[in-house]
Amino acid sequence: MAHTWNRREFLKSASAATLGALAAGAPLSMLNSCGKPALTSTADTVILLWMAGGMAHTETFDPKRYTPFEKGMSANSVLSTFKSVPTALDGISFSEGLESIGSVMNLGTIVRSYVAADLGHILHTRHQYHWHTCYQPPQTVAAPHIGSWMAQLLGPKNPVIPAFIDIGQRFSVGEGEELKAFHSAGFLGNEFAPFFIPDPSTGLDSVKPPVGMDYKRFERRNQLYNELISKGPVGEFGSDYQKESLRRSMEQAYRLLNSPEAKAFDLNSEPKASYDTYNTGRFGLGCLLAKRLTQQGARFISVTTEYEPFMGWDTHENGFTRASAMKKQIDKPIAQLIKDLQQSGHLDRTLIIVASEFSRDMMVEGRPDAKVQEQVNQPDVINDIKHYGMHRHFTDGCSILMFGGGIKKGYAYGKTADERPCKSIEKPIRIDEIHQTVYHALGIPEDTHYVIEKRPFYTTPDGKGRCEMDLLSGTQA
Amino acid sequence: MLSGVFGFWMWQFLGRLHPLMVHFPVALLVVALVLEAIAFRKKNDVLRPGIQVVLAVGAASAVLAVMFGLLLIANDDYSGDVLNAHLWFGVATAALSVVTLWFHTKIFKHQKINFLKLYRAGLLLTVIGVTVAGHLGASLTHGADFLTEVLPQADDESGPETESPASMALIKAGGDHTFTEKELDLLSLEVRTIFAHNCYKCHSADKIKGELRLDKKEFVMKGGESGPVIDLKDPDNSELVRRISLPRSDEDVMPSKGKSLSKDEIAIIKLWISKGAHWPDNAGEIKLFPMAALAPRTPALPPARPGDNNAVDRFVGAYFDKNKIEWPTLIDDKLYIRRVYLDIVGLLPPPETIDAFVANKNPDKRNQLVKELLGMNDAYAQHWLTFWNDALRNDYTGTGYITGGRFGITDWLYESLRDNKPYDAFVRELISPGKRSEGFIRGIQWRGTINASQRVEMQAAQNVSQVLLGLNLKCASCHDSFVSDWKLKDAYAFASIFSDTTLEINRCDKPTGKMAGTKILFEELGTIDSTVSVEEKLKQLSVFLTSPKNGRLYRTLVNRMWAQLMGRGIIEPVDLMDNKPWSQDLLDWLASDFVENNHDIKTLIYTIVTSRTYQLPSVALDDENKINSESFAFGGPLLRRLSAEQFADAVSTVVYPLYPDSTRQYVPAVPASSFARSSLVKNDNLLTALGRPNRENVTTKRSSQANLLQAMELTNGAMFNTVLARGARQWQVKYATSDQLVHEVYRKALGRNPAEAERKAAVAILGPKPEANGVEDLLWSVLLLPEFQLIQ
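These protein sequences, in sequence, are chains A and B.
At position 121 of the first sequence the residue is numbered 121 (the UniProt record's numbering), and the sequence of numbers has no breaks.
At position 36 of the second sequence the residue is numbered 36 (the UniProt record's numbering), and the sequence of numbers has no breaks.
No lab work stands behind these hints: they were computed from the structure.
Accuracy of the hints is not assured; some may be wrong.
As a list, the in silico DSSO-like pairs of lysine-lysine whose alpha-carbon atoms are at most 27 Å apart [said to hold, decoys possible]:
id	chain 1	residue 1	chain 2	residue 2
1	B	K510	A	K464
2	B	K510	A	K427
3	A	K454	B	K421
4	A	K454	B	K760
5	A	K454	B	K182
6	A	K464	B	K748
7	A	K231	B	K257
8	A	K464	B	K539
9	B	K519	A	K408
10	A	K427	B	K489
11	A	K216	A	K180
12	B	K510	A	K371
13	A	K454	B	K435
14	A	K464	B	K421
15	A	K454	B	K519
16	B	K489	A	K454
17	A	K454	B	K270
18	B	K769	A	K216
19	B	K287	A	K454
20	A	K83	A	K454
21	A	K216	A	K263
22	A	K454	B	K487
23	A	K427	B	K760
24	B	K263	A	K454
25	A	K464	B	K182
26	A	K464	B	K287
27	B	K760	A	K464
28	B	K769	A	K454
29	B	K257	A	K464
30	A	K454	B	K259
31	B	K435	B	K421
32	B	K257	A	K216
33	B	K701	A	K180
34	B	K287	A	K408
Selected chain B positions facing chain A (in silico; Cβ < 7 Å) [said to hold, decoys possible]:
id	residue
35	T131
36	H135
37	Y396
38	R442
39	S530
40	D623
Ideal placement from N, C-alpha and C gives every residue a C-beta, glycine not left out.
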C-alpha cells in the first residue's frame, strides 16, 4: 500500500466547516470513509452463504452419535439422525450428505462453537437481524447490514458491479417485513442498500435493458436523454448536488447495463457441465452467480437458501427427511464454489462464510441454562418418522464454515459437547467476534463508526467486538 | 515483590540511574566496534590500547547498568513481556561484553592472536545485543512505536482518534491558552467522557480495582493503592498518564483489557492535568450544552417595506438587511404554481390550470391559488400523510405487526390531516390516545428480551421528545448523555409517565436498583401525579405539553413545516431544537402566531407560501452536508428533489397509474385523484429506491441525493418500465403527429412548451408519426430530466 490515508490525516486536513457540521450532528459524516483503511487486508470480497431457518449442527457439520430411526425410540437418545462421514481433515467428520464440502475442508476452517444471542424468545427474523447487523433489534436507529457497511467503507471493487448483491431472498414470504428490516443499509442510506436478485436464474434481467428493449434501442434512448438534458434550460443553472448525483448515477447505471461484466449475471453463458453441478435449485444457482460475480469483482454477496417460515432449514417436523433434502441443495454447489474460486485464484482474497441464525436440537429450546417458550411439540417417545429430527431451536452451539481470504486452512475451531446438551464447551464465539474478524480480514479497523444523531455507531456494538486472530492464518492456535 | 528487602531509598535512587547508566555501554561498545573496524586489516595495531580501555569501561558500565536495572525492577513497578526481553538481552549483553573483554585482554596483553576471530565475533554480538536491549528499553519508556511512528509507512497501532471536534479544539488551544471557566468545564467533561467510556468498568462505584475510582472528584484526587494517580506539577509523570501511555504488551497498561486510548484522548488528559485537573463540584448538574428557551416569545415586527405586509418577509427583510443580502426577483408564475402544487397537494399542476393561472391578471392570484389548494382536503391529506407517516413511523406493513406488537394509526392520521385538526389536539390525541391513535406511543414490541433502553415506554419517551420536542433523548436512555445535559434519570422519569409501573433505572442495560421518578423533561410545564393510572398520567402529560407555555412544541412544529417547504429548517437538524436558528425572531414569531391562530397548520402553510420569501428563486447547494452547516445563511428556498411519493404520483399523472386502486391500504371516502396515490400503498422496490424509509424508526428528513440503485430501478426496473410502456400506447393513440405529442409531453410533465432544439431532438427519434417504443423512450427521457425531478 503506497500510502495509508487514515483517519488521523483526514481529521488533520478536514476543514473547520466539516468539523462544524459534525458537531452539528451531520448524519452523513463517516469519519472513516475517507480513503483506505489502515489495516492490511487479507480479503477483498465476502460471500455469505446463508442457511436460513436454523441449521442443526449435529445434523450437518458437527455430527454426534447416530441413532437410527425405530418405532418407540426415546427422543432424548437421539443426537444425530445421520451417520458421520470423514472429511479431508483428520479426526473431523461431517454428517452424511455433506461429503463434497467435507472434501474441501483442507481449504477452510470449521467453527463449531458459535453461540447465538439469547433474545429471550425465538423469532427467526429477529435472530437473523442480529446476525446480519450485529445489533439486537429494536435499536434507536436503523442498523445497517454488514454488506452495507462493506459497501459504504470499501465501495464497489469493480465500479460497474454493485457493491452489495443480495441473492435468493424474496420478501413476499411470511415475515417478509421483518426480513426487510435488516436487508437494508439502515442509516447509511439507500446508496449502500443491497442490490436484490431474488431469483438467480433471471439475474441478467436486473442488469440489462428493460424487458423488450434491445441494446440498439437502449442506446438510442440514452442518447435522447442526454440530448434533452443538454438542450434543456436546467443545463444552464449552477451546479447542485441533486442534479450532479442524478446525472452521475444515471451514467453509472448506463455503464453497468452496457458493460461486458454484466454478462457475469447471465447464468446461461456458463458451460453446461458447470451449470449442472451447481443446479440444485435456486440456492445452487445463487452460488454459481456468486462465483461469476466474484470473478468479475464483486464486494459483498449474500446467497440464501431463502427464509420462509417452516420451510428450508426451519424444520419444525420431519427433520430427518428435510435435512437430507437441504443437504442435497447445498453440498455440491458450496463445494464447487470453493473449488472454482480456488482454481481461478480468487479464493485467496475471497472470504466465504456458511452460517445460520442458530442451530436446532430435539429437546432443548433456546439454551440449556435459559430455556425459552417451546414452540414445537416433540413427543418423548417417537413412533412417527415425522418426529425424528431436530425440531427445536438451539442457540448454544452452532457451526460456521469459513474459507479463503486469510482464514486458516484445514482447521477446526472450538468444540461442542458429545452428549446432550451438545453446547459449546471450547472457545465459544459470538457474533461481534465473527463480524470483527471479517472486518479485520477486509482491513477495516475495529473502531470504525459512523456518527448518527451525534451517537458514534460502531461496526460492532461499541466497537468492542474482538477479532478472533485464531481464525486467521499466520497465527498460532 | 522484593520491595521489602530492597526498600531502602538508595536502592531506588540507584535503580532510577539505570536510564542514565545504560548510555555508557551503548556508546562505548559501539565505539570499540568502530575502532576495531578501523584496525580490521592490521592484526595488532596502535589502536589496541585504546580499544582495551574503551572495552573495559564499556563492559564495566554494562554490568553496572544491569545491576541498576535490576534495582529499578525491584523498586518500581515494572513488568511485562517487553521488560523480560529487555532484561535478558541486557544481562546477556553484559556477560558477553565481559567475555569479549577477556578475549581482547588475551590478544592485547598476551599476544594470543588465535583469539582474534572469537573476540571479533564476540564484539559484534555484544554490539547487536546492546542495540536490541537499548531499543527494548526505549520501547518501555517511550512506547513500542516510538521509532516506527515517525516512519512514513508506520502502521497506526494506537487507539482511535476521538471524533469530538470539541476535543480537537481543546488540543489545538493547547497548553499556552488561558482557559475560561467554561472551557475548563468542557475540558473536564471531555475527560469524564473518556473515563466513563474506558475506565468506569473497573474504576467506578460498580467495580473498584486497585482501590481506584475515577467517577468522582475526591476519588480521582485521592488515587488508588499505588498512591496518587495525578501529579499536577508534572502531568506527564502522573501515574494515570504513565499507565495509559504504556504499550499494549506491558502488563501495567491501562485499560488492561481492550484498546488503548487514542493519542488525542491521552493529550486531552495531560492537558486537563496541566490545567489543574479541573472537576467542578457540581459536575453532575452543570449545564454545558446550549439549551433553547422553553417559553414562547413574540418578537416585535420589524418595519414593513412598502407593499410588504407579510410578517415572514419583514423578519427575512431584517435578516437580509443585517447580512447585506439583496432581495432577488421573485419566481415567475409557472415556477410558482408548480412549487406550490407539489408542496401543498404533492401533485403536478395540470397544463390548463397553469395556462389559466398565467393568464389571470388578478394581483392577488397567488394567494387565491394557495387558498384553493389548501381547500383540497383529501389531496392535501394524501400528500402530508407521507411526512407524518415518516415522523410517527406509521406504515401499513413492517416489523411488529405479525406478532401484534405494533399498531397502525392511518385512519386517525388521515382524518386528522383531512380535517386539519388543530395541532394541540393532534398532539393530545397522540400522547393520550384512543384506540385509533395509540400506535405512536405504543411503539414496536418484539417478543423476547430487549435492551432496557428500548422498552416500549422508553421508545415512547424517545419518540415523543424527538418528534414533538426536537430533542434527542436516545443517548440519555442508556447512560447520562455525552452530547447534551440530559441524564439517565431524566429519561427514565419521562419514560415512567408512559408506564403503569415504576421503572427501575437501567444503566447500559444493567439494572441499577434505583427506581425512576415520574417527571416531564421540563418541570416548568407541570407536575405529573405519579400515583394515578397510566391513562391519567398521559392525560396530564398531553395537557402540559400542549400548553401555550411550551414554546418548544410549537417551535419544533413550525420549524419542521418551514423545512418541508423551504428545504432547510430555521434550525437544523430539525430534531435538535437546541441548535441556533438563523433567525430566532422569525422562528419565535411563527410559533407564537401559530398558537394565536388556533394551532392551525394550514394557516401556517398559507403564511409561509404566500410570503415573498417563499417566492424567491431556489438556491442550489453543491454538497448535501451544507444543509446542516452552522454557518448556513438563508438566501431563499433550497432546490429540492421530488420525494419518492411526489415522483411516483407525477408518473401516475403524466404517464399511467403506477398503482391500481386495489393496492390502496387506506381507502379515502373521497379519492381526490384518478389513480391510487403512492402515500396510500405499501412500500415497494421503486419507492424504497427513491427514498421511502422502512418506518421502524422515526424519519424526519430524507436525503435527496441520487444513487446507483435508484438509477438502476429507474433505468430497467420492471415496475417503472411496464407503466411507461402502457402509458406510451395511450399517448400514441391520442396524438397523430410527433410534433403534437412532444408538445403535450412537455406541457404535462414540465409545465412548459418544448424549446425548438428540444422539439427537434425528440421528433428526430420519434419520426414524423410516433410509434409506441419511441413514445415510451421519450417519456422515460423526460421523466428522468433533472428539470422534472427537481423543485426549483
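Do the hints match the structure? See the list:
1. B:K510 to A:K464: Since the Cα atoms of K510 (chain B) and K464 (chain A) sit roughly 17 Å apart, the hinted pair holds (cutoff 27 Å).
2. B:K510 to A:K427: Distance of about 25 Å is within 27 Å: holds.
3. A:K454 to B:K421: 34 Å, violated
4. A:K454 to B:K760: 52 Å, violated
5. A:K454 to B:K182: 21 Å, holds
6. A:K464 to B:K748: Not OK: K464 (chain A) and K748 (chain B) at ~56 Å, beyond 27 Å, violated.
7. A:K231 to B:K257: 64 Å, violated
8. A:K464 to B:K539: 42 Å, violated
9. B:K519 to A:K408: With Cα atoms ~56 Å apart, K519 (chain B) and K408 (chain A) exceed 27 Å; violated.
10. A:K427 to B:K489: 38 Å, violated
11. A:K216 to A:K180: Judged against 27 Å, a Cα distance of about 36 Å means the pair is violated.
12. B:K510 to A:K371: 21 Å, holds
13. A:K454 to B:K435: 35 Å, violated
14. A:K464 to B:K421: At roughly 48 Å apart (the allowed maximum being 27 Å), K421 (chain B) and K464 (chain A) break the hint.
15. A:K454 to B:K519: 25 Å, holds
16. B:K489 to A:K454: 20 Å, holds
17. A:K454 to B:K270: 25 Å, holds
18. B:K769 to A:K216: 20 Å, holds
19. B:K287 to A:K454: The hint holds at about 18 Å.
20. A:K83 to A:K454: Answer violated: K83 (chain A) to K454 (chain A) is near 54 Å, above 27 Å.
21. A:K216 to A:K263: Holds: K216 (chain A) and K263 (chain A) sit about 17 Å apart, inside 27 Å.
22. A:K454 to B:K487: Holds, at about 16 Å.
23. A:K427 to B:K760: 72 Å, violated
24. B:K263 to A:K454: 22 Å, holds
25. A:K464 to B:K182: 33 Å, violated
26. A:K464 to B:K287: The hint is violated at about 30 Å.
27. B:K760 to A:K464: Not satisfied, since the Cα-Cα distance of roughly 62 Å exceeds 27 Å.
28. B:K769 to A:K454: Roughly 58 Å between the alpha carbons, so the hint for K769 (chain B) and K454 (chain A) is violated.
29. B:K257 to A:K464: OK: K257 (chain B) and K464 (chain A) at ~11 Å, within 27 Å.
30. A:K454 to B:K259: 22 Å, holds
31. B:K435 to B:K421: 17 Å, holds
32. B:K257 to A:K216: Violated: K257 (chain B) and K216 (chain A) sit about 62 Å apart, past 27 Å.
33. B:K701 to A:K180: Status holds; Cα separation ~20 Å.
34. B:K287 to A:K408: Not satisfied, since the Cα-Cα distance of roughly 53 Å exceeds 27 Å.
35. T131: Violated. Min distance 27 Å.
36. H135: 23 Å, violated
37. Y396: At about 10 Å, which exceeds the 7 Å cut-off, the nearest Cβ of chain A leaves the hint on Y396 (chain B) violated.
38. R442: Result: violated, 13 Å to nearest chain A Cβ.
39. S530: 26 Å, violated
40. D623: Since chain A brings a Cβ to about 6 Å from D623 (chain B), closer than 7 Å, the hint holds.
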